[in-house]
Amino acid sequence: MSRMKPEEEYKRTKAFHFFRWLSGEKDPYIGNMEMKPQKEYIEEEASIQDRMRESQMVMDKVYNLKYNRWQIFFRYFYRIMAVVFCILLLGLLLFTVSYLPPTGNASNPDNNEVAKRYIEKGMQETGAVNIVTGMILTYRAFDTFGETNVLFIATCCVMIMLMIEDAESKKEEVLDDMRFEPKNDAILQATAMFLVPVIFIFGIYIILNGHLSPGGGFSGGATIGAGMILYASAFGFEKTQRFFNENIYKITKVTALCMYGLIGIYYYVTGANGIENHIPLGIPGHIVSAGIIFPINICVGIEVACTMYAFYALFRRGGL
Amino acid sequence: MRIFQYILLFFLVVCAISVSFSKKLLNSILIFMSYSLVMSIIWICLESPDLAITEAAVGAGVTSVLFFVTLKKINAIEEENQKGEKESMIEQRRR
Chain A
1 MSRMKPEEEY KRTKAFHFFR WLSGEKDPYI GNMEMKPQKE YIEEEASIQD RMRESQMVMD
61 KVYNLKYNRW QIFFRYFYRI MAVVFCILLL GLLLFTVSYL PPTGNASNPD NNEVAKRYIE
121 KGMQETGAVN IVTGMILTYR AFDTFGETNV LFIATCCVMI MLMIEDAESK KEEVLDDMRF
181 EPKNDAILQA TAMFLVPVIF IFGIYIILNG HLSPGGGFSG GATIGAGMIL YASAFGFEKT
241 QRFFNENIYK ITKVTALCMY GLIGIYYYVT GANGIENHIP LGIPGHIVSA GIIFPINICV
301 GIEVACTMYA FYALFRRGGL
Chain B
1001 MRIFQYILLF FLVVCAISVS FSKKLLNSIL IFMSYSLVMS IIWICLESPD LAITEAAVGA
1061 GVTSVLFFVT LKKINAIEEE NQKGEKESMI EQRRR
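Line by line, the protein sequences give chains A and B. Taking the numbering used here, the leading residue of the first sequence gets 1, the next gets one more, and so forth. Taking the numbering used here, the leading residue of the second sequence gets 1001, the next gets one more, and so forth.
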């Protein structure tokens, strides 16, 4: 390589840095980027040997077929019974299907005045352009309230089973989780930095536009929850705990469910007693329209997003 | 469009069968993930995009992540690697 410049001046040019990086002498990113060393998880020898002995014992007692005649018999029996059961179930289901009315028949029981009413008067009565959301959040708001409660109860059950209250075992669990935590993965972090805001904005858009375009509270909440999981897995739980810890989780979750309940009660009471509904429907097609659908969508979205993230956090380290 | 849907439905059946027949748990989760993804495309073909969004977020995203976390917790992923790791750990301690 012929050089017009003297050596010291050449060392300051970008081309020199580039070729140095290309030949692998020095990585320009090392030193500039924040690379925290991870605490190393060291397992004690006794516990390792204990675990190995236990697994060996299980292997000997259960899976070693030479000394276990009963196991051999059970395996054959299990396989035969599985096939028989599958065939029986298949036959039963096909038998039931043969009794169903044909699709698209005019005299089918699903072709009644309810569907007609939804299609003809749905937009006028609910104010929602997206008729599916209008249907499930007004005509069938009681069902959706039950579904939201199911989500709430599911997280409660997972918390009862997996939540760790004891301080020492919690510390142990966090240490154990560090083995599986990504070791400050640069690729994952860069991707997450780009993707997480986009996912959040898309989820919020789905929730807020629930009565105008396809989607609604559940889909948008699930999208936001997936974005939060990506954020947590890329940057670790310490970063997520800055904006979403246990207290905030409890407050938002209960508040969302209570809000839904209150709005729902108002709607049921006025509807059942024939009292005039004072929530204005607005102009169909505007963002703030469609009466109760807009706030209920937000409540359901918060509820679902919290549920998704809580499942992930509880599964992974037994605490939010 | 019809042929495309038939291809997708065929792929769905293949995925569903191969989930139960794959030996490694990690592989079966990945196949299950692709099953959800194909299912979400089918939802779009059936003109229900709201279900497609939910399926893509919950089926392909959250459920598989929960499966991965659970498999990690019970040490079912990379069983062979971990066995080697344990042995090398014990050897290091002995030295």
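To be clear, the hints were calculated from the coordinates, so they are not data collected in a lab. Don't take every hint at face value.
Said to hold, decoys possible - Computed cross-link-like contacts, PhoX-like style, restricted to lysine-lysine with a CA-CA straight-line distance of at most 25 Å:
| no. | chain 1 | residue 1 | chain 2 | residue 2 |
| --- | --- | --- | --- | --- |
| 1 | B | K1023 | A | K39 |
| 2 | B | K1073 | A | K171 |
| 3 | B | K1073 | A | K39 |
| 4 | B | K1073 | A | K239 |
| 5 | A | K170 | B | K1023 |
| 6 | B | K1023 | B | K1073 |
| 7 | B | K1024 | A | K61 |
| 8 | B | K1023 | A | K171 |
| 9 | B | K1072 | A | K171 |
| 10 | A | K39 | A | K121 |
| 11 | A | K250 | A | K170 |
| 12 | B | K1024 | A | K239 |
| 13 | B | K1023 | B | K1072 |
| 14 | A | K239 | A | K250 |
| 15 | B | K1024 | B | K1072 |
| 16 | A | K170 | B | K1024 |
| 17 | A | K61 | A | K171 |
| 18 | A | K239 | A | K253 |
| 19 | A | K170 | A | K116 |
| 20 | B | K1024 | A | K121 |
| 21 | B | K1073 | B | K1024 |
| 22 | A | K61 | A | K170 |
| 23 | A | K171 | A | K250 |
| 24 | A | K39 | A | K250 |
Since the structure is predicted, the reported quantities are computational estimates derived from the model, not experimental observations.
Checked against the structure, which of the hints given earlier come out wrong? 1, 5, 8, 10, 12, 16, 17, 19, 20, 22 and 24
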